[in-house]
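The residues making up each chain are set out below.
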Amino acid sequence: MKLEAKELSFRYQKGSRQILNHFSMTLESGERLGFAAPSGFGKTTLCKILAGYEKPDSGQVLIDGVPVQDIKGYCPVQLIWQHPELSVNPRWRMRQVLEEGGPVPERIMDGLGIERDWLNRYPSELSGGELQRFCIARALGEKTRFLLADEITTMLDLITQSQIWHFLLEEIEKREIGLLVVSHSGPLLDQICTRKVEMDQWT
Amino acid sequence: MNQRKKTIFWLAASALFLLAVAFLGYLWRDEALVTDFSRKNLAPCLKYPFGTDFMGRDMFVRTVTGLSLSIRLGVLTAAASAIFAGVMGIGAAVLGKAADSAITFLIDLVMGIPHILLLVLISYACGKGFWGVAVGITLTHWTSLARLIRGEVMQLKSSQYIQIAAKLGQSRLQIAGKHMLPHILPQFFTGLILLFPHAILHEASITFLGFGLSPEQPAIGVILSESMRYLAMGRWWLAAFPGALLMICVLLFRVLGESVCRLIDPGSVHE
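Order-wise, the sequence lines are chains A and B. Mapping of the first sequence onto the numbering used here: position 188 corresponds to residue 188, and the numbering continues sequentially without gaps. Each number in the numbering used here comes from the position in the second sequence (counting from 1) with 1000 added on.
Calculated directly from the structure, the hints in this document are not laboratory data. Because the structure is a prediction, the values reported are computed rather than measured. By construction, the Cβ of each residue, glycine as well, lies at the ideal position given by its N, Cα and C atoms. Hints are supplied without guarantee of correctness; some may be wrong.
Here are a few chain A residues that sit away from chain B, every Cβ distance over 12 Å (derived from the structure) [as the list claims (entries may be wrong)]: (1) Glu7; (2) Lys48; (3) Val68; (4) Gln82; (5) His83; (6) Val97.
Taking lysine to aspartate or glutamate and the DMTMM-like style, the derived pairs with C-alpha atoms no more than 25 Å apart in a straight line are [to be verified]: (7) Lys1157/B <-> Glu99/A; (8) Lys1157/B <-> Asp117/A; (9) Lys1157/B <-> Asp57/A; (10) Lys1178/B <-> Asp57/A; (11) Lys1005/B <-> Glu125/A; (12) Lys14/A <-> Asp1100/B; (13) Lys1005/B <-> Asp117/A; (14) Lys1006/B <-> Glu125/A; (15) Lys1178/B <-> Glu85/A.
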């Protein structure tokens, strides 16, 4: 499968700064693409457009030729957000949060180090790092074909970071999921990605 | 006993008390009208704990009957206006820009007219009495709650976890039921409970002004306004006991509401 961005342009309000200007890229299944850019370059905005959360002013996002906005039901492009505490309903127990996109196999829970005891808790009773594991597990539903990771391990310590990335890379390889990683950290991208897009190439 | 059990205890106790008052008052509705001049102007005693008035009516029975009427009227109008507020608030938030401006305009319009004036007009137009008061209170008290719910739904709509839910394949109906409802319900209950004392007090005031319930009915507003005349003669019990019982009922409604909110709120599970 192929995720394609064609000539995307975007700005938040008329007259405000042009965040994306005729930006194009492609991401193939099984490929791992890294984005490194300083703050304020529109990395998160790009992720939101690619996952269908925002509509570009012009241009298209296509999954094997089908516009991403036209897909009903479970979206094959899943975005993992930077702030896990905003990504879960504070009034739900974690079990319900985890299974919102369908049942999650034991293998994924073990791989991400989700303890069974956490499932009966509310989000306010877990730390940001613990919540992020749930968000990652939730985004790895059966029908996910592309995963967009927007600074997903920034809040974690190094050991946990490596645990999560090891699992994610293994899982993605096995299921031939295309991965797009956004990070400030150059060395992290060097480790993970098969291809990198530099900031000066993409506005 | 932990905090949660205590909350459940208070919830049950206050609900039981209010139900008892409502039921007893309904049972005694004929007795409350009985006049007997052989026992007029009695001070509180064992047989007549709240005393009797100038027509020899048993004030305890009259007070409970009045409160029962007030509770029934209060529950009915508070529930009706809260539901109306919910429909309008959610409608404004989800039905698009035109519906939003129309409903916001209506809210401003109703809020712009003094409460009691609009209440008198509507009650009078509906033929006064129980239904006049009920319709009047319902149509004047929904606005602030509707505004609150509109804001809440709009905020929820743009929240991250609800956008994520849509991408995880949840339908709009599922999102409304499973994500939004649990957030709105506590607001809804708080609004409903805050409406209750308003409803009772407004019922009392328009009854006092002569546009509400008829004067021979044992309503708490009628009892209180009648007792004012005897206060100067030293018959304090005619105002004090019914007033205190009214206050207890209003406070118990508050306890009831707070307990429900507490039990729904996830932060309180381990208290």
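These are the hints, each one checked on the structure:
no.: 1; hint: Glu7; verdict: holds (23 Å)
no.: 2; hint: Lys48; verdict: violated (9 Å)
no.: 3; hint: Val68; verdict: violated (10 Å)
no.: 4; hint: Gln82; verdict: violated (10 Å)
no.: 5; hint: His83; verdict: violated (7 Å)
no.: 6; hint: Val97; verdict: violated (8 Å)
no.: 7; hint: Lys1157/B <-> Glu99/A; verdict: holds (21 Å)
no.: 8; hint: Lys1157/B <-> Asp117/A; verdict: violated (31 Å)
no.: 9; hint: Lys1157/B <-> Asp57/A; verdict: holds (22 Å)
no.: 10; hint: Lys1178/B <-> Asp57/A; verdict: violated (32 Å)
no.: 11; hint: Lys1005/B <-> Glu125/A; verdict: holds (21 Å)
no.: 12; hint: Lys14/A <-> Asp1100/B; verdict: holds (24 Å)
no.: 13; hint: Lys1005/B <-> Asp117/A; verdict: holds (24 Å)
no.: 14; hint: Lys1006/B <-> Glu125/A; verdict: holds (23 Å)
no.: 15; hint: Lys1178/B <-> Glu85/A; verdict: holds (18 Å)
Consistency note: the structure conflicts with the earlier hints numbered 2, 3, 4, 5, 6, 8, 10.
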